[in-house]
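Asker: Put together the whole structure using the sequences plus the hints.
Residue numbers (numbering that gives the first Met the number 0), protein chains in the order written: chain Z, 0 to 135; chain W, 0 to 432; chain S, 0 to 288.
No lab work stands behind these hints: they were computed from the structure.
A portion of the hints provided could be inaccurate.
In silico DSSO-like cross-links for lysine-lysine, where the CA-CA straight-line distance does not exceed 30 Å [claimed, not checked]: (1) S/Lys-273 - Z/Lys-115; (2) Z/Lys-109 - S/Lys-136; (3) W/Lys-244 - W/Lys-114; (4) W/Lys-114 - W/Lys-160; (5) W/Lys-266 - W/Lys-114; (6) Z/Lys-85 - W/Lys-343; (7) W/Lys-160 - W/Lys-244; (8) Z/Lys-85 - W/Lys-266; (9) W/Lys-343 - S/Lys-198; (10) S/Lys-285 - S/Lys-273; (11) W/Lys-244 - W/Lys-233; (12) S/Lys-285 - Z/Lys-109; (13) S/Lys-273 - S/Lys-131; (14) S/Lys-273 - Z/Lys-109; (15) S/Lys-15 - Z/Lys-115; (16) S/Lys-71 - S/Lys-285; (17) W/Lys-117 - W/Lys-160; (18) S/Lys-15 - S/Lys-273; (19) S/Lys-198 - Z/Lys-115.
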Amino acid sequence: MSTVVSLEKYIHNDLVRRVEELSGQDLLACYQCGECSAGCPAAFAMDLLPSQVIRLLQLGQVEEVLNSATIWFCAACQTCYARCPKGVDLSRIMEALRELAMERDGDTLKHTEIPKEELEAFPQQAIIAGFRKYTL
Amino acid sequence: MPVKRALIIGAGIAGMQAALDIANAGYEVVLVERLPSIGGRMHQLSETFPTLDCAQCILTPRMVEVGHHENIRLYTYSEVESVEGEVGDFRVRIRRHPAYVNWDICTGCGICQEKCPKRVLSTDFERGMGKRKAIYTLSPQAVPNKPVIDAENCIYFQRGKCRVCERFCPTGAIDFEQKESFFEERVGAIIVATGYDLLPLEELGEYGAGQIPDVIDGLAFERLLSASGPTAGKIRRPSDGKEPKTVVFVQCAGSRDPEHHMPYCSKICCMYTAKHAMLYKHRVHDGQAIVFYIDIRSAGKGYEEFVQRAITEDRVLYIRGKVARIYQEDGKVIVRGVDTLSGKQVEVAADMVVLAVAMVPRITTRALAEKLGIEVDEHGFLVEADGNLNPVETNRPGIFLAGAGAGPKDIPETVSQASGAAGKVLSLFSQWE
Amino acid sequence: MKISYFPGCTLNTKGKGFDRSVREAMAALGVELVELPDWNCCGASFPLLVDNVLDLVGPARVLINTAARDNKLTTACTTCYNVLKRTNRVLREDENIRERLNYFVEADYQGQVEVSDILQLIRDEVGFEKVKEAVKKPLNGLRVASYYGCMVLRPPREVAYDDPENPHALDDLMAALGAEPVRWGAKAECCGNYLVARKPEVAMEMSYRVLSSASRAGAEVIVANCPLCQFNLDRWQRDLTLTHGGFEPIPVLYFTQLLAIALGLDPGGYELEKHYVDPRPLLESKGLI
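Answerer: Okay, structure coming up:
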């Protein structure tokens, strides 16, 4: 993660617009209170806090966000959305970002990568939901 | 001939200021207060920001002045029933609740309160931090210093036996038969100064929904801080009476939250939270005060300096981020927040939490506005004729606004608006020669 | 009463013990669950992109099939509940998506089916008082942590039938069965959901936080309402004893298993032996099995 941000990326950024279109969320509605980050149960595993993801998007830094691990650790529990004072559905933004990342890099879950014993142990819904979230 | 008298509804600091301004100019004021004593919210406060004046010390002389002023006719424990007429000639009907005490002969000696066997949690004035009796005055400095009987909690009213207060009253002032009474007044102008309330803690599900005893609101903390409060100014947490060593203050609890609560900034919380944290440190030297904030809004004379003093002199830890959840565990109050500046989640096991909950208008304001024929906004705050150039007038000629009933305000702003409204009334009177 | 019932993929396979406890307990409470014929998978997660119409076909088909027979549908898998409830809401409120879906599936569905979760059905149609009267083997003294997870609570406006921050329906049911519900902080925290498919260690840590909260509150057992929550909470406990010092395993049951036991039913078919942390010693020690 660089500590320098180029704001030239900011004004005309088609990728930011795509995130908004795919997610249906207004990124500028967020005023960065941080409540999403405060309550996120998966934040310990994230390199960017949920509110930082939105902030970077507000600054046009889509690439940095797409390279972040955070988008893969959102479990869509919607705790953030339930509490967001501005009604921003961050899990929809995360889904849009996963979509864009997979358009760029391909699927991130292959059934061959799941150990056979786990594949047999997992409840069906874990596998179905996993493939829906981690493959195009 | 227009009537050069004014009605003021609400006797908090706004209504009192306006009443004194008008009365001192030589005109009569009819001052109506819903509670048994004047003084309003300021009467509940410990100290005021940014000067840390003792609120009682600067307020009570004014309360006494209002109580004794020859031009002020005081109706406490009363509400405006109806208003007819128009500017210059309003006819006002006032309903006074039965106090079950004949105030004309009561001397305010206080024996009745001392002897009354029924102790009740004071949810109104003490915000649940202390108790009162079933016959009570709001505070020892109440004006008028005359008690009322709370029939819902009075043993005699509930079970038909007791009458201890009556037995001990040296002047025979107790009157269980007293009924509500009505009064008519004619006035030429009206000032509405109905004040504010706080969003109930029950509304804040993620902050414990009012079910965690050691999570309290800012006014409750004022009562703990107040030297004349239920703990005599000692900081004691409600659950077990222990001195809390870690206290978390949460700003924007219900404010700036259009999705669930109030969309607006409540304006006073940044400052009173800094004051709370500071005063807590003054009382508990080895305690830790932690403030969670989103933005610090300290626009006002001496305000930013005050906040900085809390941080540097009193070592209050300010953490930038909104708290997501508060719950109880092992006798502690767990606060889960974030520090967005460092990008870290923060968890604090606190002894007590003070929520700076949103300011809301009094629930009765809407109905009163209807009686007066003036407007309230979507949240129930009274609406000014023009926010820019007519901030103390309403759309109805002769009716003016003062204080937090028209939107969140601190004390200096409230007093300024009250004097402004009084000036408007006086200017009107001077045109009626 | 009779009501259409959607088991869902997991209850039809890995979660058979859950399914059986649901059917038997509901029968004992006088509710006949009529399995929806020819049902299909709901998709196991609600699609979150704006253009999600194709992903909604599956759950929409379930609702449309229901509408041909019944105006009510219940399910015990809370993930299915979440997906079906939200899909139904979209069908009710979004005219554009409704038209497109009806066109795909060749139907004319307006969102008229009422979707309920089985706990909601027990609370609202049976009533906890009636449950209490039907108890044959009270769970006396069993300290239960009621775990709600995400699916019946969030997003609140779309799915919650309980207080989303301080839910209590499951606690109330457990109290009606004679158990002692503990007050704990993590009852609505996420277990890790589908993260388990890609990063099990993250789901494991998330589950650990839930489990340790329950233990700190003095719970002897956790009850869950979702097969994936049950799995995530149950599956990794042996590993957690190695990675988290002082961690003590705690059995994770489906709430309907305890319900059925309390109603005096034979838990033989509830696959208690398949749980990773064997709940039987605890249940035996309490005289419940």
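Asker: Run every hint past the structure and note whether it holds.
Answerer: Going down the list of hints, with the structure as the test:
1. The hinted pair formed by S/Lys-273 and Z/Lys-115 meets the criterion: a straight-line CA distance of about 18 Å does not exceed 30 Å.
2. Between Z/Lys-109 and S/Lys-136, the direct Cα distance comes to roughly 47 Å. Violation of the 30 Å bound is thereby established for this hinted pair.
3. Pair hint W/Lys-244 plus W/Lys-114 does not hold up; C-alpha atoms about 37 Å apart against a cutoff of 30 Å.
4. Using a Cα cut-off of 30 Å, the hinted pair W/Lys-114 and W/Lys-160 holds, with the two alpha carbons roughly 15 Å apart.
5. Straight-line distance between C-alpha atoms of W/Lys-266 and W/Lys-114 comes to about 43 Å, which puts the hinted pair past the 30 Å bound.
6. Using a Cα cut-off of 30 Å, the hinted pair Z/Lys-85 and W/Lys-343 holds, with the two alpha carbons roughly 22 Å apart.
7. Simply put, W/Lys-160 and W/Lys-244 have alpha-carbon atoms about 45 Å apart, too far for the 30 Å limit, and the pair is violated.
8. The straight-line distance between the Cα atoms of Z/Lys-85 and W/Lys-266 is roughly 19 Å, inside the 30 Å bound, and the hint therefore holds.
9. Pair hint W/Lys-343 plus S/Lys-198 holds up; C-alpha atoms about 22 Å apart against a cutoff of 30 Å.
10. Between the alpha carbons of S/Lys-285 and S/Lys-273 the distance comes to roughly 20 Å, so the proposed pair stays at or under 30 Å and holds.
11. For the suggested pair W/Lys-244 and W/Lys-233, the alpha carbons sit about 13 Å apart, so the restraint of at most 30 Å is met.
12. In summary, the hint linking S/Lys-285 to Z/Lys-109 is not supported, as the alpha carbons are separated by about 45 Å, beyond the 30 Å threshold.
13. Of the supplied pair hints, the one linking S/Lys-273 and S/Lys-131 holds, its CA atoms being roughly 28 Å apart against a limit of 30 Å.
14. Restraint check: the Cα-Cα separation between S/Lys-273 and Z/Lys-109 comes to about 27 Å, which is no more than 30 Å; the hinted pair holds.
15. A C-alpha spacing of about 21 Å is found between S/Lys-15 and Z/Lys-115, which places the hinted pair at or below 30 Å, so the restraint holds.
16. Restraint check for S/Lys-71 and S/Lys-285: the C-alpha separation of about 37 Å exceeds 30 Å, so the hint is violated.
17. At most 30 Å may separate the alpha-carbon atoms for a hinted pair to count; W/Lys-117 and W/Lys-160 meet this at roughly 12 Å.
18. In summary, the hint linking S/Lys-15 to S/Lys-273 is supported, as the alpha carbons are separated by about 10 Å, within the 30 Å threshold.
19. A hinted pair counts as satisfied when its Cα atoms are at most 30 Å apart, and S/Lys-198 with Z/Lys-115 qualifies at roughly 15 Å.
Violated hints for the displayed structure, listed by number in ascending order: 2, 3, 5, 7, 12 and 16.
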